[in-house]
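Asker: Quick note, the sequence shown lines up with residues 991 to 1446 if you use the numbering used here.
Heads up, some of the hints might be wrong.
Unchecked claim - Label pairs and their in silico Cβ distance ranges:
1) E1439 to S1226: 43 to 51 angstroms
2) G1207 to R1055: 25 to 33 angstroms
3) E1390 to R1252: 22 to 30 angstroms
It should be emphasised that the hints constitute simulated quantities derived from the structure, not laboratory data.
Every value quoted in this text rests on a predicted model; they were computed, and no experiment measured them.
From the three backbone atoms N, C-alpha and C, an ideal C-beta is built for every residue, glycine too.
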Amino acid sequence: MAASDAREPLPQFPRDFLWGVSTSAHQVEGAVDERGPSVWDAFTAVPGRVKDGTTAAVACDHYHRYREDVALIRELGVDAYRFSVSWPRVLPDGAGEVSGAGLDFYDRLVDELCAAGVRPVPTLFHWDTPLALAADGGWLRRDTAERFAEYAAVVAARIGDRAKKWITLNEPAEHTLLGHALGQHAPGEQLMFDALPAAHHQLLAHGLAVRALRAAGVTDIGIANSHGPTWPASASPEDTQAADFYDVLLNRLFADPLILGRYPDGIAELLASGGDIEADLSVIAEPIDWYGINFYQPTKVGAPLPAGASTPTEFSGLTLPPELPFSPREIEGRPVTDFGWPVVPEALTELLTGFRERYGDRLPPLVITENGCSYEGIDDRRRIDYLDGHLRALHRALEEGVDVRGYFVWSLMDNFEWAEGYRQRFGLVHVDYTTLERTPKASYAWLRETLRAQRA
991 MAASDAREPL PQFPRDFLWG VSTSAHQVEG AVDERGPSVW DAFTAVPGRV KDGTTAAVAC
1051 DHYHRYREDV ALIRELGVDA YRFSVSWPRV LPDGAGEVSG AGLDFYDRLV DELCAAGVRP
1111 VPTLFHWDTP LALAADGGWL RRDTAERFAE YAAVVAARIG DRAKKWITLN EPAEHTLLGH
1171 ALGQHAPGEQ LMFDALPAAH HQLLAHGLAV RALRAAGVTD IGIANSHGPT WPASASPEDT
1231 QAADFYDVLL NRLFADPLIL GRYPDGIAEL LASGGDIEAD LSVIAEPIDW YGINFYQPTK
1291 VGAPLPAGAS TPTEFSGLTL PPELPFSPRE IEGRPVTDFG WPVVPEALTE LLTGFRERYG
1351 DRLPPLVITE NGCSYEGIDD RRRIDYLDGH LRALHRALEE GVDVRGYFVW SLMDNFEWAE
1411 GYRQRFGLVH VDYTTLERTP KASYAWLRET LRAQRA
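Generate the whole structure from the sequences, applying the supplied hints.
Answerer: As structure tokens, this is what we get:
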């Protein structure tokens, strides 16, 4: 194999461990004129919002080339393909009239996956809110949660006979904080802490969708939340307090309601949802079959730095406003990806064991629903190092008794990386955005041979 080297083989994972790759609709499908508009179409149409000035109008053209992509998945040898369903492709206005052509596409995709022996794992929402719903208030309105449950029922009725493992939402933390609080993702709102109702309504939408999926006969349901350890910049009370607040905002705000049925102290009164929060929590905490974790990096956090202090105006590709009650700091002494994210595999072990310690018997089985890195080049040995290190860290968590049942690489192929445009390449497969030619990278070959060794 092209990517072979002298590294030790990975330790053996359980025989029934689920291996997969992930993508999302807006990032790969293209065919923008064959669906309803989303908030991301409106966002990317504004000059300056995407760093390279591009849009996802074509992206990887997965909508037309899905058979070629499924063949790549089959050859890779993974068990499952996690894709997202485009809400505006199925319901162009977010509610009301259903697009038969949109449902037909996912029908064909699922059939193609099943014929290839690959398990389809649909995600119902990966940030592409229908523009008509957004114009009516979007995730700041409770009604959007109801519309989402109706949409979930429509999709499940069409492909639920073959797609058995489902994800309701992807990363509501990022959609809330980047899209509604900081304005650096769609829909581009800069509401700061007034964005928190969007978090609550997404979580409520999850619970309502779980009920809708159960009613449709789906029995294997999870969610994909992003998480990472939060490290205080120092042992000072100020830094520790700032890190604790950041941890609540990025981790516990989205995990505690789902797993424990309650918000962290001090959060519920900030939600201003207009409904009965306690009643909503009983919906949000609908039992799920597993809990998905997207992991990329830990974060070091300290108290806000004094005016005039030397502090970056950008952090992990984000422009930070000065009024935040915390200050992310650089993690020094670690290699970084092309995105500038620190590579700290042992933080994954820390995160998983920390989840078990925090939630105990209430914690469902876990699945790593995303893990990956941005690197240029087809001979991408740094990506091999990254994946190898994180899989070893994951195995250490298994050895320590954490119930983790699957691992999905982000991503199958290079794609439209949101506000970065096409500047960051996360794929196992290289995409030439001019010709749309797919070329498997060295990491693709490495993962294929690693999975063959796991099954030997």
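Asker: Compare the structure with each hint and give your call.
Answerer: Verification of the supplied hints:
At about 48 angstroms, the CB distance of E1439 to S1226 agrees with the hint of 43 to 51 angstroms. Distance hint check: the CB atoms of G1207 and R1055 are about 31 angstroms apart, consistent with the given range 25 to 33 angstroms. Checked against the hint of 22 to 30 angstroms, the C-beta distance between E1390 and R1252 comes to roughly 27 angstroms, which is consistent with it.
The structure fails none of the hints (numbered hints given earlier).
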